[in-house]
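Engineer: Fit chain B to the supplied structure of chain A, relying on the hints for placement.
2 protein chains.
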Amino acid sequence: MKALLVIFDGLGDRPVKQLGYKTPLQVAEKPNLDKLSVTGIKGIMDTIAPGVRPGSAPAHLAIFGYDPYKYYTGRGIFEALGMGLDIREGDVVFRFNFATVDEEMRVVDRRAGRIKRYTEDLAEALNTIEIPGVELIFKEAVEHRGVLVLRGEGLSWKVSDVDPGKTGFKVKMCKPLDGSLEALRTAEIVNKVVAESYRVLKDHWVNKDRISRGLPPANIILPRGASISTKVKGFKERYKLRAYCVAGGTLYKGVAKFVGMEVLNVPGATGTYGTDYDAKVHAAVRALKDGDFVYLHFKPTDLAGEDGDFRRKVDIIQRIDKALEPILSLEDTLVVITADHSTPCSIKTHSADPVPIMICGEEVRRDGVKGFDEISAARGGLGRIRGLHLMPILLDLMNLTEKYGA
Amino acid sequence: MKALLVIFDGLGDRPVKQLGYKTPLQVAEKPNLDKLSVTGIKGIMDTIAPGVRPGSAPAHLAIFGYDPYKYYTGRGIFEALGMGLDIREGDVVFRFNFATVDEEMRVVDRRAGRIKRYTEDLAEALNTIEIPGVELIFKEAVEHRGVLVLRGEGLSWKVSDVDPGKTGFKVKMCKPLDGSLEALRTAEIVNKVVAESYRVLKDHWVNKDRISRGLPPANIILPRGASISTKVKGFKERYKLRAYCVAGGTLYKGVAKFVGMEVLNVPGATGTYGTDYDAKVHAAVRALKDGDFVYLHFKPTDLAGEDGDFRRKVDIIQRIDKALEPILSLEDTLVVITADHSTPCSIKTHSADPVPIMICGEEVRRDGVKGFDEISAARGGLGRIRGLHLMPILLDLMNLTEKYGA
Chain A
872 MKALLVIFDG LGDRPVKQLG YKTPLQVAEK PNLDKLSVTG IKGIMDTIAP GVRPGSAPAH
932 LAIFGYDPYK YYTGRGIFEA LGMGLDIREG DVVFRFNFAT VDEEMRVVDR RAGRIKRYTE
992 DLAEALNTIE IPGVELIFKE AVEHRGVLVL RGEGLSWKVS DVDPGKTGFK VKMCKPLDGS
1052 LEALRTAEIV NKVVAESYRV LKDHWVNKDR ISRGLPPANI ILPRGASIST KVKGFKERYK
1112 LRAYCVAGGT LYKGVAKFVG MEVLNVPGAT GTYGTDYDAK VHAAVRALKD GDFVYLHFKP
1172 TDLAGEDGDF RRKVDIIQRI DKALEPILSL EDTLVVITAD HSTPCSIKTH SADPVPIMIC
1232 GEEVRRDGVK GFDEISAARG GLGRIRGLHL MPILLDLMNL TEKYGA
Chain B
872 MKALLVIFDG LGDRPVKQLG YKTPLQVAEK PNLDKLSVTG IKGIMDTIAP GVRPGSAPAH
932 LAIFGYDPYK YYTGRGIFEA LGMGLDIREG DVVFRFNFAT VDEEMRVVDR RAGRIKRYTE
992 DLAEALNTIE IPGVELIFKE AVEHRGVLVL RGEGLSWKVS DVDPGKTGFK VKMCKPLDGS
1052 LEALRTAEIV NKVVAESYRV LKDHWVNKDR ISRGLPPANI ILPRGASIST KVKGFKERYK
1112 LRAYCVAGGT LYKGVAKFVG MEVLNVPGAT GTYGTDYDAK VHAAVRALKD GDFVYLHFKP
1172 TDLAGEDGDF RRKVDIIQRI DKALEPILSL EDTLVVITAD HSTPCSIKTH SADPVPIMIC
1232 GEEVRRDGVK GFDEISAARG GLGRIRGLHL MPILLDLMNL TEKYGA
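As given, the protein sequences belong to chains A and B, one line each in that order.
So the number in our numbering is just where the residue sits in the first sequence, counting from 1, plus 871.
So the number in our numbering is just where the residue sits in the second sequence, counting from 1, plus 871.
Possibly wrong hints are sitting among the right ones.
Repeated chains share a single entry, so a pair holds when one copy, or any two copies, can fit it.
Unchecked claim - Here are the simulated BS3-like cross-link-like pairs (lysine-lysine), alpha carbons at most 27 Å apart as the crow flies:
hint	residue 1	residue 2
1	1104	888
2	873	893
3	1037	1274
4	1241	873
5	888	1160
6	888	987
7	1063	888
8	1111	1219
Bear in mind the hints are in silico, worked out from the structure with no lab data behind them.
Just chain A, same shape as in the assembly (with noise of 0.2 Å):
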């Protein structure tokens, strides 16, 4: 038995007045998600535990059976690792912004005009940065982000963040979090590289034409975020599942590549508003003939969540379901729907409500609940889980677990 499973990112939501007190999910039209409630079991999970508002990687993680208070240091590796960098155990990953500082290390601007250009340009520069002992990777990303490698013996990432997060403050010096050697010295270099990097950045041509045309220059990287590369056993060796990836944001390729999942790369997946449901949704099911275990996330749900445009959440929801219609045909493969969070529309922000999830399959109890959505889902057979236990009962179901004992 093959498995597939659906993430909505932040589908869950409270109540929208507009909505007659239902949520989004609740007054979406989705034939095909109803059609699969029949075959399911519905349930709400807590993806982290009840109360917890899940950060998108964390819940992944326990969603994937990877339990986030051991594996989750940060999101910088998952970046990393989602924009294809070779990242190593021990590797100390953190997330920078390309910043204008003005000559006595004042922030102009966090996000150096959220600069969109040759940012390729000014990582090749810094990656000319030579700190004895440490070997230094940088890698622009979208806008004006990017992520820092430090690789080498006696790292930590138990050191503090150089972006003092509001303009007209100095950059901050990076600090030890505990009294280890290893955080002293990793703070030490990181206020090198800083330093280093306002060295190599302020004159180089992408800045002199900034400047000229008026725009803040991008002189100087502020480090945030440090985490640490652990190794684990992935979705092979852990469940013996030949497991692939289907997302578009980097986030989630990056959690799927860190527990051994083979990322595909499906043109027009975007991870945006614009992505295309299609295409993953095909992916998907012809990714299912040679792996086990297909992970789809779809990202858009989210996003409306964050606009707090909840008619656009509903127009998602119905646009997702139509695109769904293809996973109606497989045979022998569970199928679970559910999500990593809720992102209510009123707030604009992930909340710890839990969220709805069904598990659809031949030999799956069917639990006479109808449709699928944070209500009905609760009345369901599943009760309320935890995101840890969502693999467990994936493996049972689909028959690859042991007993315990006799």
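Structural biologist: For chain B alone, coordinates are given in the frame of chain A:
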């Protein structure tokens, strides 16, 4: 957003044959709770854990978000706090009975004929007792009850009870319950205190008077239930909530004070059948103007359960429902209706049957379950939660939680 937490003490019940195998909560007419239920999400809650019969103090600690297995050592410190004593970190507190012993230290009456008057004079005499190296505070409570505080360095709460629990037995020696020097020393102090109490009380004018009237003299104190005061972060520091307590019973006031609530003195709030329900509700509503969180406690549902008087329990629920009318017009306020434990009329004591819970407010998912009782609540959108989950869930609905990870 603010929150009002209403605890009906011992509300949960088991089916009562004379009520057609329904619970008192099921048969009670409660139009105000019914109205509230429309805007709410329901569930059932194990205040401690499934199958664990909760004492009132640990149940309340859990509901307030404080793990009782970490913070609960005994009832004494909560009684002492609720009586208004200035309890400090490290104080060891005992509950005691004024009792009657014969000259051989054999207990004749464990409650000294349920002595009701002049115990403050007896306590005054006890407070003349001096034992080197430790400060002693004796304070009378309701009827034959009192509390004893030991204050000083090197004390332990790991000591046994002096009260033999039955008449006809000799007063027991207090013994250390672990191998520590502190427990040994504390046990020695307690034994001295008990001996001294007999010396001070036996010829006290109150007792001479009692003997002359044929009443058993309160000629000794029998300490039991040693507990230690630990320092905790209160609601203000831990949750950033200014919290108030409206309760009649000493124990509930004490737990509230322990977690940093301000305890309001409401005339007519007695913690007995005769309590003034309306005065309490009005005080709670008033407190919400200034405070962020109000805990409102009603004792009589538990009293009726302990009396096995199911008809009275129905009446009390109806009476409280009536009194709760003003909370229907609260704005921007979460209202929680629940209990600390079940007190089934059939067994006249606490049970581990989960309690019904309902969380109501504009931002809360509407689960379509009408009304509020043990059975319908179990079909609600909240599922089955633990007492320790309640505060995280409330804080999240109040949008006071931080995201875990990114």
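Engineer: Taking the hints in turn, state whether each one holds.
Structural biologist: We went through each hint and held it up to the structure:
no. : hint        : in the structure
1   : 1104 / 888  : neither (46 Å within a copy, 37 Å between copies)
2   : 873 / 893   : between (34 Å within a copy, 22 Å between copies)
3   : 1037 / 1274 : between (55 Å within a copy, 20 Å between copies)
4   : 1241 / 873  : within (24 Å within a copy, 36 Å between copies)
5   : 888 / 1160  : between (44 Å within a copy, 25 Å between copies)
6   : 888 / 987   : neither (38 Å within a copy, 58 Å between copies)
7   : 1063 / 888  : neither (53 Å within a copy, 68 Å between copies)
8   : 1111 / 1219 : between (39 Å within a copy, 22 Å between copies)
The structure shown violates the earlier hints numbered 1, 6 and 7.
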